[in-house]
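Asks: In case you want the letters, here they are:
2 protein chains.
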Amino acid sequence: MNKKYVAMIPARLGSQRIPKKNIRFLGGKPLIKYPIDFCLECDFFDSIWVNTESEELGKAVETEKVHFHRRPPELASNTATNRDFTYQFLKVHDCDYVVMVNPTSPLLRVETLKNFVAYVDENDFDVVFSVVSEKTECFCEGKPVNFSLKEKINSQFLTPVDRIAWAITAWKRDSFIKMQESGINPIFGGKIGLFSIPKDESCDLDTLEDWNIAEGMIVARNNKNTDNARYMDLG
Amino acid sequence: MNKKYVAMIPARLGSQRIPKKNIRFLGGKPLIKYPIDFCLECDFFDSIWVNTESEELGKAVETEKVHFHRRPPELASNTATNRDFTYQFLKVHDCDYVVMVNPTSPLLRVETLKNFVAYVDENDFDVVFSVVSEKTECFCEGKPVNFSLKEKINSQFLTPVDRIAWAITAWKRDSFIKMQESGINPIFGGKIGLFSIPKDESCDLDTLEDWNIAEGMIVARNNKNTDNARYMDLG
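In the order they appear, the protein sequences are chains A and B. The opening position of the first sequence corresponds to residue 1 in our numbering, with each subsequent residue numbered one higher. The opening position of the second sequence corresponds to residue 1 in our numbering, with each subsequent residue numbered one higher.
Since the hints were made in silico from the structure, they are not lab data. Honestly, I wouldn't trust all of these hints.
Since the list gives no way to pick out one identical chain from another, each pair is judged satisfied if it fits inside one copy or across any two copies.
In silico BS3-like pairs for lysine-lysine, Cα to Cα no more than 30 Å straight-line [as the list claims (entries may be wrong)]: (1) K178 - K152; (2) K91 - K199; (3) K143 - K65; (4) K135 - K4; (5) K135 - K59; (6) K152 - K4; (7) K20 - K4; (8) K152 - K135; (9) K152 - K114; (10) K29 - K150; (11) K3 - K135; (12) K33 - K114.
Values in this document were obtained by computation on a predicted structure and should not be read as measured data.
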């Protein structure tokens, strides 16, 4: 790596739709352990920080290599924004880029995180988003986004629609601080890079239904190497 | 129901990326049984047809209530289109609407299929697509589709992007035939309706990875009622 990367794992204890989701067990370990383990295994980070308002959570995950960034309580409410807590974090930690690794994407693979950081390193973006790139016909406000109503083409030839996954996001520290201090929104500011990640790594844990899906997918991944294909008898 | 509905389940035996997927077992039954069971339970159909080129498959699924529509071999190649085999089907079967129920969406719920047909019935569309409506920032060719780069707004306030799920599609027979015979693409032709289905019902089985995900989701659904939440000890 040519530049200095700091990992930030945002983890409020007061989540709403799935209570205390960050400390809830998912397939063998608490959710918060997933991003921590990804960052440790990735090995590209100068330091790894769990950004939380909770003293208890911060202390519980703190180790020699995982640090506790105490988020000011006013930046931990339901209305506090990513923009504000990331700015507060960046003012305190020196780096070229902060890489936000989200606990709500436990299905990420370390390989993907490594490739993401390498992509940031090889380029010169102000922000890089992880996206799921899908070649499926989309509408927005009733109008076709990436296809023509005049013909049905094979999906492999469609223009993809790239959906932000919020699994991994990188911001250049200098640009972020400058924009924030000039009243410009730094979340989508400057030169934007999009990094495509596999669809099955993009799950987001908003609802209990999402949680159940993720749990099932973890079971399925563990079974993946057993090829137990069975077929209907056609007589 | 005010109108006459015929169900068409398209099921080639010669699938490519997942060989013979329609007769492969998924969580206890062959894939092809999923759409068949949905259509039987839905109870809104005048008749139910499995549209396949395979004599063996057609015969194996045929029952008193499930019929075999023999697809001409030239409409069963990898380059044959939905447009062509649906036209061939509609020329033979009288109805107001054909409802295509896709085997590649085994996670559909019967309730959703019923609501879909009811929606078709209450309206007067030429085609109705099942879509997954998502409030997530999307890009197409590097440009924002449903949000502004100037501000980051809470996702609940974003304009949704509606992605065609191809789980269930309804076409009005008369319009379809007329358009096809005038050289107009009937797949997206005329007055279009979009019917939103839950995200977890929209899986598509293109790759073996999708298959594993679906298998995991079925496991997860079966476990859904057991609340086994377990939490990390914060000391």
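Asks: Does each hint hold? Answer for all of them.
Replies: Verification of the supplied hints:
1. Within a single copy, K178 and K152 get their C-alpha atoms only as close as 46 Å, which misses the 30 Å cut-off; across copies the closest is 17 Å, which meets it.
2. In this assembly of identical chains, K91 and K199 lie within 30 Å of each other by CA distance neither inside one copy nor across copies; the values are 34 Å within and 38 Å between.
3. For the identical chains of this complex, K143 and K65 are neighbours neither inside a copy (49 Å) nor across copies (39 Å), given an alpha-carbon limit of 30 Å.
4. In the homo-oligomer, the alpha carbons of K135 and K4 never lie at most 30 Å apart, since the shortest distance is 35 Å inside one protomer and 33 Å across protomers.
5. In this homomeric assembly, K135 and K59 never come within 30 Å of each other (Cα to Cα): the closest approach is 44 Å inside a single copy and 35 Å across copies.
6. In this assembly of identical chains, K152 and K4 lie within 30 Å of each other by CA distance solely across copies; the values are 26 Å between and 47 Å within a copy.
7. Neither within a single protomer nor between protomers do K20 and K4 lie at most 30 Å apart by alpha-carbon distance, with minima of 32 Å and 49 Å respectively.
8. For the homomeric pair K152 and K135, the shortest alpha-carbon distances inside one copy (13 Å) and between copies (25 Å) are both at most 30 Å.
9. Taking identical chains as interchangeable, the C-alpha atoms of K152 and K114 lie at most 30 Å apart only when they sit on different chains, with a minimum of 27 Å there against 37 Å within one chain.
10. Taking the shortest alpha-carbon separations for K29 and K150, neither the intra-copy value of 50 Å nor the inter-copy value of 38 Å comes in at or below 30 Å.
11. Taking CA atoms no more than 30 Å apart as the test, K3 paired with K135 passes in neither setting, with 34 Å inside one copy and 34 Å between copies.
12. When the C-alpha separation of K33 and K114 is checked against a cutoff of 30 Å, the pair qualifies only within one copy, where the shortest distance is 18 Å, while the shortest distance between copies is 41 Å.
In this structure, the hints that do not hold are numbers 2, 3, 4, 5, 7, 10, 11, in rising order.
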